[in-house]
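Student: Each protein sequence line maps, in turn, to chains A and B. 183 is the number that the working numbering gives to position 183 of the first sequence; each next residue is one higher, with no gaps. 38 is the number that the working numbering gives to position 38 of the second sequence; each next residue is one higher, with no gaps.
Treat the hints with care, since some could be wrong.
[What the hints assert, rightly or not] Straight line, CA to CA, 30 Å or less: simulated BS3-like cross-link-like pairs of lysine-lysine:
| no. | chain 1 | residue 1 | chain 2 | residue 2 |
| --- | --- | --- | --- | --- |
| 1 | B | Lys54 | B | Lys77 |
| 2 | A | Lys179 | B | Lys77 |
| 3 | A | Lys179 | B | Lys54 |
Please keep in mind that the hints were generated in silico from the structure rather than gathered at the bench.
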Amino acid sequence: MTATTDTGAAGRPAAPAPDPAPGPGAPPRDPGALRAALLAGAAALSALAIAWCTTVGTAGVGLADVAHAVRISLFGGTVTTEFERAYGIVTDLRLPRALLAFTAGAALSVSGAVMQGLLRNPLVSPFTLGVSPAAAFGAASVILLTGGAAGSSSWPVIGGALAAALAVSAVVLGLASAKSMATATLLLLGIALTQLFEALTAALQFLADENTLQAIVRWTFGSVNDAGWQEVRVVGVVALAALPVLLWFAKDLNAVAFAGDDAARSLGVNVNALRVGLIALAVVLASVVVSFCGVIGFVGLVGPHIARLAIGADHRFLLPFSFLSGGLLLLAADTVGRTVIAPSVVPVGIVVAFVGAPVFINLIMARRAAA
Amino acid sequence: MSGLDVTGVRFGYRRRPVLEGVDLSVAQGAFCALLGPNGSGKSTLTKVIARILKPAAGTVSFGGRDLLRMPRREHAKVVSYVPQSSAAPFELTVREAVMLGRTPHTGLRPSARDRSVVEAAIDRLGLGAFAVRRLSELSGGQAQRVLIARALAQEPRVLLLDEPTSALDLRYQIETLQIVRSVTREEGVTALIAIHDLDHAAHFCDQAVLLSGGRIVADGPPARAFDAAVLSDVYGLQVRVEHRGGGVEVRPAALDGASGE
Numbered sequence: 001m002t003a004t005t006d007t008g009a010a011g012r013p014a015a016p017a018p019d020p021a022p023g024p025g026a027p028p029r030d031p032g033a034l035r036a037a038l039l040a041g042a043a044a045l046s047a048l049a050i051a052w053c054t055t056v057g058t059a060g061v062g063l064a065d066v067a068h069a070v071r072i073s074l075f076g077g078t079v080t081t082e083f084e085r086a087y088g089i090v091t092d093l094r095l096p097r098a099l100l101a102f103t104a105g106a107a108l109s110v111s112g113a114v115m116q117g118l119l120r121n122p123l124v125s126p127f128t129l130g131v132s133p134a135a136a137f138g139a140a141s142v143i144l145l146t147g148g149a150a151g152s153s154s155w156p157v158i159g160g161a162l163a164a165a166l167a168v169s170a171v172v173l174g175l176a177s178a179k180s181m182a183t184a185t186l187l188l189l190g191i192a193l194t195q196l197f198e199a200l201t202a203a204l205q206f207l208a209d210e211n212t213l214q215a216i217v218r219w220t221f222g223s224v225n226d227a228g229w230q231e232v233r234v235v236g237v238v239a240l241a242a243l244p245v246l247l248w249f250a251k252d253l254n255a256v257a258f259a260g261d262d263a264a265r266s267l268g269v270n271v272n273a274l275r276v277g278l279i280a281l282a283v284v285l286a287s288v289v290v291s292f293c294g295v296i297g298f299v300g301l302v303g304p305h306i307a308r309l310a311i312g313a314d315h316r317f318l319l320p321f322s323f324l325s326g327g328l329l330l331l332a333a334d335t336v337g338r339t340v341i342a343p344s345v346v347p348v349g350i351v352v353a354f355v356g357a358p359v360f361i362n363l364i365m366a367r368r369a370a371a
Numbered sequence: 001m002s003g004l005d006v007t008g009v010r011f012g013y014r015r016r017p018v019l020e021g022v023d024l025s026v027a028q029g030a031f032c033a034l035l036g037p038n039g040s041g042k043s044t045l046t047k048v049i050a051r052i053l054k055p056a057a058g059t060v061s062f063g064g065r066d067l068l069r070m071p072r073r074e075h076a077k078v079v080s081y082v083p084q085s086s087a088a089p090f091e092l093t094v095r096e097a098v099m100l101g102r103t104p105h106t107g108l109r110p111s112a113r114d115r116s117v118v119e120a121a122i123d124r125l126g127l128g129a130f131a132v133r134r135l136s137e138l139s140g141g142q143a144q145r146v147l148i149a150r151a152l153a154q155e156p157r158v159l160l161l162d163e164p165t166s167a168l169d170l171r172y173q174i175e176t177l178q179i180v181r182s183v184t185r186e187e188g189v190t191a192l193i194a195i196h197d198l199d200h201a202a203h204f205c206d207q208a209v210l211l212s213g214g215r216i217v218a219d220g221p222p223a224r225a226f227d228a229a230v231l232s233d234v235y236g237l238q239v240r241v242e243h244r245g246g247g248v249e250v251r252p253a254a255l256d257g258a259s260g261e
């Protein structure tokens, strides 16, 4: 065969550009610089917000007190008797609470951004695969078995919730890999398992007595009321450890999210391995948060959406920004929850649903208009 | 041979065979058309070469290197693929979409070279005025150009196109084929296009490969590969092949008004 057969087209001028390009020296801007600045600004805002939310509450504690307390606990120093009360409020109550709200929101939001990208659907959340009903079932089982003796934030309950959530995710991923991780398969399996575990939890509630029932129901209200440094440490470490791993794969995640499975494969991405690995990571993030804080909906859905509006869809920037936007969202919701009818505290899961549902509805309606 | 070599490739979905032992050679820098009726295996063959589908048997090599055994990322530096269409569920600018073509090359963040390759691909496809537009604002023809720009930004040695012109109007069809042809002429890229229009294939391509039922039934320069009897049999429609100058045209006999049976 020959590559030189003249079919009559050789020697034609190259395709004329039908649309006038801008001047020859079109500025090849680097949009990364602007986005990096935006990211740094959001990080600074987050630190300020955590400090400020620590001052909000009935007992008067100022920003200076917070700064002083943090300085003492980090670098040592003596707590004077007149500062003792403020120091205790900051370090034992408000700071762990603010940090747990922030890290839990951050973990859920990053998890949501990863799931939305991998499943190529902006309406999925970290709980799409049935993580939260499974965790609720795990927690309810332990509460029932101990006859309500285990408090809703005790380690056996947390362990039961975590084990159930991870087991369910493993089952979903295992079943879906038989169908080469097709997105529709994952979504449908998630729906099926959500229904199943909601029925199982309802069955447990049917068997439970009054006190146990109350403990089960209280677990499902997502809250950070029992925040302590132990919880902050676990959730914070998991969230901060996941972030660099996710950023490393952000480029491949971009290929899958924006080009689709087939084109991503032709771009050199091992799509099946990427999907299993990153979904597993996203599910671990969500499971840990659910186990410690209960079911907090909408943050994993709305956090990435806010981030996408602010910084664009590129996952190299979207993932860290989702971390911050989700953290800020949950921190703000918790601060509202503990001030709106103070001294009573509204669980953060309830507050965030009031904010999240309208945003989510708006998101669906806007999509319909665009389609 | 230093071009693209496909030998003994078989592929099937479950028990339905789609490719039944395909052997094909395309010289380096040649523009080859894959022709045949719907379901003949054109798209499947491009997807096997693009490593989207894994063949049950057979080898694919380029310049003597086994394309099916090298790491995926290395393969993506040699072969790029233009799908028929692509719907992104998220808002992306044209420049970001073309940058995806750098995926196998770039590290954590795009280098200056990545950016200049992307700008060159955008200019080549005449998308300069749209670089910061969102994909959803583009017409079908412009969106198809973005996919081609993405494939060129990948700096491939082999460019695969899966029916890129099927949904385009005449002007975009011709311009797409002109662009691909100029890429083969100017950069020595080997191009393989799955396409329906026999006359376009005859006009722009160096080699025409006719598939039927997963087998190759004709292969060669279009003027030689297009045989009235073979084409009539493959498409189940009587056609006449007319040689005009250096070119060749295929015309359904039913349109002649002389075929009343």
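Student: Hint by hint, say whether it matches the structure.
Tutor: Status of the hints after comparison with the structure:
Taking the CA atoms of Lys54 of chain B and Lys77 of chain B, the gap is about 18 Å. The hint holds against a cut of 30 Å. For a cut-off of 30 Å, the pair hint linking Lys179 of chain A to Lys77 of chain B stands: about 28 Å separates their Cα positions. This hinted pair checks out: Lys179 of chain A and Lys54 of chain B have alpha carbons roughly 15 Å apart, not beyond 30 Å.
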